[in-house]
Amino acid sequence: MARPDVLVLRAPGTNCDAETAFAFEQAGARCEALHVNTLLDAPALLGQFQILCLAGGFSHGDDLSAGQILAITLRHRLLDDLQAFRDRGGLILGICNGFQVLIKTGLLDNEDGQGVAATLTWNTNGRYTADWVRLAVEPDQRCVFLRDIEAIDLPFAHGEGRFVVRDQQTLSQLSAAGQLPVHYVEGQLAGNPNGSTRAIAGMCDRSGRVFGLMPHPERNIHLTHHPRWTRLSRDRKPDGRLIFENAVNWFAA
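Okay, so the sequence shown: first residue is 79 according to our numbering, each after it adds one.
None of these hints come from the bench; they were simulated from the model. Note that beta-carbon positions come from the ideal geometry of N, C-alpha and C, so glycine has one too. A portion of the hints provided could be inaccurate.
DEER-style ranges, computed between Cβ atoms [claimed, not checked]:
(1) Ala-229 x Thr-207: 19 to 25 Å
(2) Thr-308 x Leu-142: 41 to 47 Å
(3) Arg-108 x His-300: 19 to 25 Å
(4) Gln-219 x Leu-142: 29 to 35 Å
Construct all of the structure, not just a fragment, from the sequences and the given hints.
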């Protein structure tokens, strides 16, 4: 199997880059974490990688809104390079703050003539919340990171994770295009913790190679990470690890 190279991008305030790189390495990839300024100075570095990950945290202190400053930076200085990376077959993953960044860059096919059609905003409870959720994956979805997954348990930790859309027509269009592949399971663990429309927990682009989600798969890559691990089968593979392995296995020879 080919061993892909992963770039984990960090910015001031990013705090999940080390754990995310470790998760990719455990799944069989080679990883390098770079500050966004390094990539801004040398965009050609993207050519050395097959997977790009925007890790969680509070980039630039979430000033303006969560992920907004980093999104503006990427949009105005690296968007063509990131689109080219995607178009040549690269995978892009955004976790929590990384999802907040992705959805504001346009990389998730999230714009039309009227502007941004969907975004992430404050939780309905109005505060930062952390707990565990169960996610269900839509059948017949095309997201590379979710292949052969039906349901997974993951932790979340965010204040601005509520997925909202402009109108019902937008929601129907995104759903029909297979861009809303995963949702919170009501009544299981924390349910829909942020009040997201239709309990949506993540979004992918039309190719299925760009994916953002609010929960943290890098925080459930070992059996003992799960709060109920003593009740789980010892043969069960940690749910978060499945997402990273799907990305790595996409490049299998």
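We went through each hint and held it up to the structure:
no.: 1; hint: Ala-229 x Thr-207: 19 to 25 Å; result: holds (21 Å)
no.: 2; hint: Thr-308 x Leu-142: 41 to 47 Å; result: holds (43 Å)
no.: 3; hint: Arg-108 x His-300: 19 to 25 Å; result: holds (21 Å)
no.: 4; hint: Gln-219 x Leu-142: 29 to 35 Å; result: holds (32 Å)
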